[in-house]
Amino acid sequence: MQDKRFKIAHKEALIGVVLVIINFSIWYGFAYGLGSGNPLQYKYVLGFPAWFFYSCIAGTVFMIICIWLAMKLFFKDISLEEEDKHQ
Amino acid sequence: MIHWQVIVPLFIFLIVIFGIGIWSNKQVRTSTSFMQEYFLGGREMGGFLLAMTMMATYGSASSFIGGPGVAYNTGLGWVLLAMAQLPAGYFVLMVLGKKFAIVSRRIEAITLIDFLKKRYNSHTIVILSAISIIIFLFASMTAQWVGGARLIESLTGLSYTNALLIFAVAVLAYVIIGGFRAVALTDALQGSIMIIGTVILLIATVIAGGGVENIMQGLVAENPNLVSPFGATGNLTPLYVSTFWILIGLGVIGLPQIAVRAMSYKDSKSLHRAISIGTIGIGTIMFGMHLIGVFARPVMPGIEVGDKVMPLLTLEVLPPLLAGIVLAAPMAAIMSTVNALLILVSSTVVKDIYLNYINPKASDTQIKNRSFWVTTIIGITVVIFAVKPPELLIMLNLFAFGGLESAFLWSVVFGLYWKKANKYGAISSMIVGIVLYIVIYSFAENIYGMHSVTIPIFASLFTFVVVSLIANKVKKIEDYHF
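Chains as they are written, first to last, in our numbering: chain A, 1 to 87; chain B, 88 to 569.
One or more of the hints may lead you astray.
Distance condition first, Cα-Cα at most 20 Å in a straight line; then the derived EDC-like pairs of lysine to aspartate or glutamate [as the list claims (entries may be wrong)]:
#1 A/Lys-72 / B/Glu-195
#2 B/Lys-353 / A/Glu-81
#3 B/Lys-563 / A/Glu-81
#4 B/Lys-353 / B/Glu-532
#5 A/Lys-43 / B/Glu-309
#6 A/Lys-11 / B/Glu-131
#7 A/Lys-76 / B/Asp-354
#8 B/Lys-353 / B/Glu-240
#9 B/Lys-563 / A/Glu-82
#10 B/Lys-205 / A/Asp-77
#11 B/Lys-356 / A/Glu-81
The hints are simulated quantities; they were obtained by calculation from the structure and are not laboratory data.
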């Protein structure tokens with residue numbers, strides 16, 4: 001018989017996969033989207049080349065916020081112990 | 088040349104760590120379940136501890152010494168590559184997640200191999216896994232050990248052998264007596280030092296370079312490619328850099344020293360907190376240290392040996408006492424990796440080999456004695472090898488990371504989430520993964536412009552699925568499902 005907690009665990013693992021896909025897209029998109037031109041004509045944000053700022057700095061901060069939100073909104077507080085031991 | 092300012096903080100650091108070892112030993116002696124306590128810390132880790140031990144085990148000599156050196160010569164492109172490590176902070180814990188924790192409690196698993204043994208019910212898998220863990224991790228332990236001794240050598244001016252002895256005594260003492268609890272607690276201290284050290288050095292470097300804009304101008308003036316994502320010589324292609332996501336981001340699930348931590352935490356709350364803290368920690372260290380390497384270039388031009396960038400820069404831009412604290416960071420990174428590997432190899436020998444095949448009826452006292460002795464003997468053997476590391480060991484270390492990932496990633500993930508996964512699929516995928524990785528690494532490194540680990544990971548995935556499906560068709564398999 002399927003443990004009910006596993007349904008929750010499966011959903012959470014799936015959230016991990018979705019987050020990684022978002023993470024990779026931001027990282028790849030900004031780095032090579034903005035950084036492929038001539039380095040002498042880069043735009044700068046706060047002293048950093050724009051591709052680097054968005055891909056490595058803003059992207060990382062964004063991911064940390066997403067992860068924190070996922071913890072608050074989607075991750076459930078369930079018991080990890082064997083049920084019979086608890087009752 | 089002896090840097091006293093470096094030695095004093097380092098010395099204080101060692102005393103605190105000894106204290107933790109002695110305190111943990113008390114827990115080990117009073118625990119009702121020795122094995123669970125000594126090899127898993129009694130599954131009592133809270134969120135902060137779990138985050139720190141994951142981060143500290145994962146961050147090693149290469150994050151603090153080797154990585155910044157490469158970034159110094161390559162530019163911002165290498166920082167981009169290093170950021171592929173961010174998922175190591177959340178992806179591993181989310182994917183193994185609660186299911187791994189629930190299952191390992193149910194089957195009372197102490198090691199990763201316990202889990203595989205129960206799931207696939209196969210001696211071949213146990214032996215194959217135990218051998219690859221012992222060989223690969225013994226080799227990487229030796230390499231980290233050599234790195235630790237070299238670092239002490241360069242900071243204190245002691246001879247290599249003396250430096251090695253100091254390092255060995257420091258690590259062995261607390262790991263042998265305190266077990267996993269001592270490892271995790273010292274990891275919390277070491278992890279904090281790693282983060283604080285990174286932040287201090289980054290700020291000091293930016294100030295020494297006259298601000299970010301000034302540093303960027305200096306880099307562009309020398310070689311505009313240093314600020315591009317493609318690296319100083321333009322050799323970092325998007326494909327090559329992207330495949331690092333497999334090696335240092337996603338594949339990390341397959342590293343036994345990381346996976347075992349995902350069965351050692353206390354409750355759901357610990358997991359949630361660890362995911363948030365761990366991601367911030369790994370992000371800070373990987374971003375900070377590699378960016379420091381790039382920034383060091385205009386601040387201290389002309390350093391020829393990459394590994395010397397971080398220590399030299401620290402001594403240049405920081406006042407003595409702060410330099411001592413920052414230089415304790417790479418030491419902490421090395422120690423926290425070595426201690427995790429030592430306790431893991433020891434658990435493999437005691438739990439997976441001794442208790443499975445040599446003496447299944449061992450009494451509690453016997454297990455206790457064997458565990459202390461095995462840890463001691465492995466530790467001393469590593470030290471002896473580290474005095475003059477043999478060629479073969481150096482080579483095995485290069486295979487370790489990718490080899491273990493190719494071997495374990497799919498067996499663990501499919502074992503948890505795919506009902507049709509069976510031992511035939513697991514065994515064949517392990518063999519295909521390891522062999523293919525060693526062959527590609529040795530004869531066709533970075534084939535088709537991808538990191539060597541890419542093809543073995545996909546090939547072992549394919550093998551796993553196809554063989555499992557065929558085996559299911561051919562005969563009825565009675566596996567244990569979760």
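A quick look at each hint next to the structure:
no.	hint	verdict
1	A/Lys-72 / B/Glu-195	violated (30 Å)
2	B/Lys-353 / A/Glu-81	holds (10 Å)
3	B/Lys-563 / A/Glu-81	violated (32 Å)
4	B/Lys-353 / B/Glu-532	violated (42 Å)
5	A/Lys-43 / B/Glu-309	holds (18 Å)
6	A/Lys-11 / B/Glu-131	violated (25 Å)
7	A/Lys-76 / B/Asp-354	holds (11 Å)
8	B/Lys-353 / B/Glu-240	violated (39 Å)
9	B/Lys-563 / A/Glu-82	violated (29 Å)
10	B/Lys-205 / A/Asp-77	violated (27 Å)
11	B/Lys-356 / A/Glu-81	holds (13 Å)
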